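2 protein chains.
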Amino acid sequence: MNIILLSGGSGKRLWPLSNDIRSKQFIKIFKNKAGQYESMLQRMYGSIKRIDSEANVTVATSRMQVPSIKNQIGNDVSISVEPCRRDTFPAVVLACAYLKYVCNVDDDESVIVCPVDPYVGDEYFVALKKLDGLVKEDRANLMLMGMEPTYPSAKYGYIMTKTRDDVSDVLSFKEKPDEKTAAEYIERGALWNGGIFAFRLGYMMKKAHEEITFDDYADLYQKYDTLKKISFDYAVAEKEPSIAVMRFSGEWKDLGTWNTLTEAMEENTVGDVMLADNCENVHVINNLGMPIFLMGIKNEVVSACPDGIIVSDKVQSSYIKPYIDKIDKEIRVADKHWGNFLILDSDDMGTTIKLSMKAGESISYHSHELRDEVWIFVSGTGRTVVDGITQRVHTGEVVTIQAGCRHSLEAITDLYVIEIQLGKDVHAEDIKRYSDE
Amino acid sequence: MNIILLSGGSGKRLWPLSNDIRSKQFIKIFKNKAGQYESMLQRMYGSIKRIDSEANVTVATSRMQVPSIKNQIGNDVSISVEPCRRDTFPAVVLACAYLKYVCNVDDDESVIVCPVDPYVGDEYFVALKKLDGLVKEDRANLMLMGMEPTYPSAKYGYIMTKTRDDVSDVLSFKEKPDEKTAAEYIERGALWNGGIFAFRLGYMMKKAHEEITFDDYADLYQKYDTLKKISFDYAVAEKEPSIAVMRFSGEWKDLGTWNTLTEAMEENTVGDVMLADNCENVHVINNLGMPIFLMGIKNEVVSACPDGIIVSDKVQSSYIKPYIDKIDKEIRVADKHWGNFLILDSDDMGTTIKLSMKAGESISYHSHELRDEVWIFVSGTGRTVVDGITQRVHTGEVVTIQAGCRHSLEAITDLYVIEIQLGKDVHAEDIKRYSDE
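Going down the list, the sequences are from chains A and B. Using my numbering, the first residue of the first sequence is number 1, and each one after it goes up by one. Using my numbering, the first residue of the second sequence is number 1001, and each one after it goes up by one.
One or more of the hints may lead you astray.
[Claimed, not checked] Below, in silico cross-link-like pairs of lysine to aspartate or glutamate (EDC-like), each with a Cα-Cα straight-line distance of 20 Å or less: (1) B:Lys1031 x B:Asp1254; (2) B:Lys1321 x A:Asp272; (3) A:Lys358 x B:Asp1348.
[As the list claims (entries may be wrong)] These stretches of chain A come out as covered by chain B in the derived footprint (C-beta under 8 Å, 3 or more residues): (4) 320-333; (5) 412-421.
No wet-lab data here; the hints were simulated from the structure. None of the values given here were measured: they were computed from a predicted structure. Each residue gets a CB set at the ideal place from its N, CA and C atoms; glycine is no exception.
Build the full structure now, drawing on both the sequences and the hints.
The following block contains the structure:
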């Protein structure tokens, strides 16, 4: 099975855990069987691999998400990186070109495209395999999976079907309706459009070449920013006469707001949280190193991380976006391909940062114009290069780096480093890189 | 006017801002006329000094509070330090002995004793002056100030009076009653006992010598731990036949819970806080370096500092203590006589601390058995002594201190230092001091 997982959508609806660079699929709040918290991405990727260990999974995403993806599911995952955002049709074409030209997938093979962020059970992956089978049987050029609606939602697009059979030809697509219209659609057997498509690779390459002139993956990648922004539905699905949909009635949730996300949590709290007995229907996610205590609270979600804290009525949590758009703060915690950083403190005179690096990873050669830096090695063993001089470093070592001086850092074992940036004009943009990461 | 401010009562009712070592009188949430936040202590001390610049104020407190007091109202304040807790009678006697033997106050002079933590307006201090005048007129051996009750509270003791005059002889004292009994007391003209007493110094020294054998302040201090725990009311007030009370009907609030404390806040928020329009009757105090956002919240208090976060229904906030007693976390932020510290991060391998030192202050000569330390000077100028070697330090300087090595630090200007403690057994008790602070 070839699966393209679309990992898109940065956003603030799950602030402070999600923001412009940290998408909701990276939030770790789902407890796995080993008792560890995992993200939607880890849950989805892990389930696919568990149910079909041979599955060839490619994540289609933007450059910004690559560090988080590698950090969460490892460096070996196949990633098709969009140089810029161009909506779903160019993204699917780029990922398909990646499969064809980089991974040498045959035109005859089937490909399933699905979003990375719904909350689903194992039966979802069984259904994906069935969908894959329908492509191989040539049931239609383009196969969809549609979700059996559970209520007349105004949040989803609808797929109108010819019959109520498990697999039916598609009549038409409907944009997000109002609730009354949604109820009428459902009456007529319509399904929610969850953005799940399957096809043979050759089919999609043909569609791609009809719209875009390109030679191969590298050529497409290079001209990607010149492509028209157009959705897959609009460019392909709505025009395709040979199109069918498979009904799916298993668990499938779109966890886009705090209210819906907390419904999928196994326990009411994550992290260091104490709830008084008089709390009811509250969920608390605490990613801070200090306790949170709730007393006499009902129907609320509290979520805290180094970027901020939200306390919201659950129902009202769907409407936070315009407020959060006004918050314009430096992001204090982020995943990197080499591990992660956390800004512990910053003021006019300096910034103190905790770097956690994974064994074998490196921060490449770079320099800063305006700030001096000091690295204090708290634990682990590493190797620094400062102005060409290589030095092995371990617990207790202090390395001072003057402004303008080139430096790099490699983690030999897992490394925990405190970095202190000194100077009045410390900002993230003050960096000059000397080799690609 | 000689005033003894009793600064006692550590407690957790205002957690996380108050705790076992940080009392509520040090919480800075009252905006002064200059727009700066000040604590109950600063507000009380500043008001006394403003209304009577000649007032001789002595703070009677425990050793633990001395750094916070000096930090908040300066090094020049007169402090009578109790070597251990022995209830209010020994505390008042010790402070009076301090006035007599250390400050050379005459036996004839009047002394007012009052708690440091009620929330009061200027008329309170005018009343204290009037109380002082009544002592000087010898209206009675012991003068009290009683608060005109505003409701039949079960939280206070009551003073029963002979008449309803502005100044009346005292009939008796009543312990905290139930509400029904409280209403009966009020019907009979009773007053709340706010713990405010005034007398001539000689009177109190006589009472002291009747109960305790001691020569002078030093002698009393030295045997303080052998004294019986007994309240001032029980030891003196309830036995004194020449006792009168002055009625006070001005602003006087006991801000002992989040619910009552927030009533005295001028604005609904302190710190980086955003309230959505649909919030009602909420107060948020944010001492963290990250934003807090509230959406659709009503009748709640949120308070956050590096030691923890509380989200509580306002009425329920009176009942938090048994829950908070279960929280047993290292205190991450504290005032010291030299400034303050904030633990930015700590784990098995090391602890990162931000030290903010005030110009002219010092951390005295000490060493640690088990941990190495690194000081990184982020801003300011200071002087270190490490194993006898004096060094001037400024921005960007790094000083490494091995375990066992004696070291001290003096702030020449205001200093901002990052201290990194390295070692598996880092704990606050690992310190050996070589001179008194």
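**OP:** Sort out which numbered hints this structure fails and list those numbers smallest first.
**Re:** Of the numbered hints given earlier, the structure breaks none, since each of them holds.
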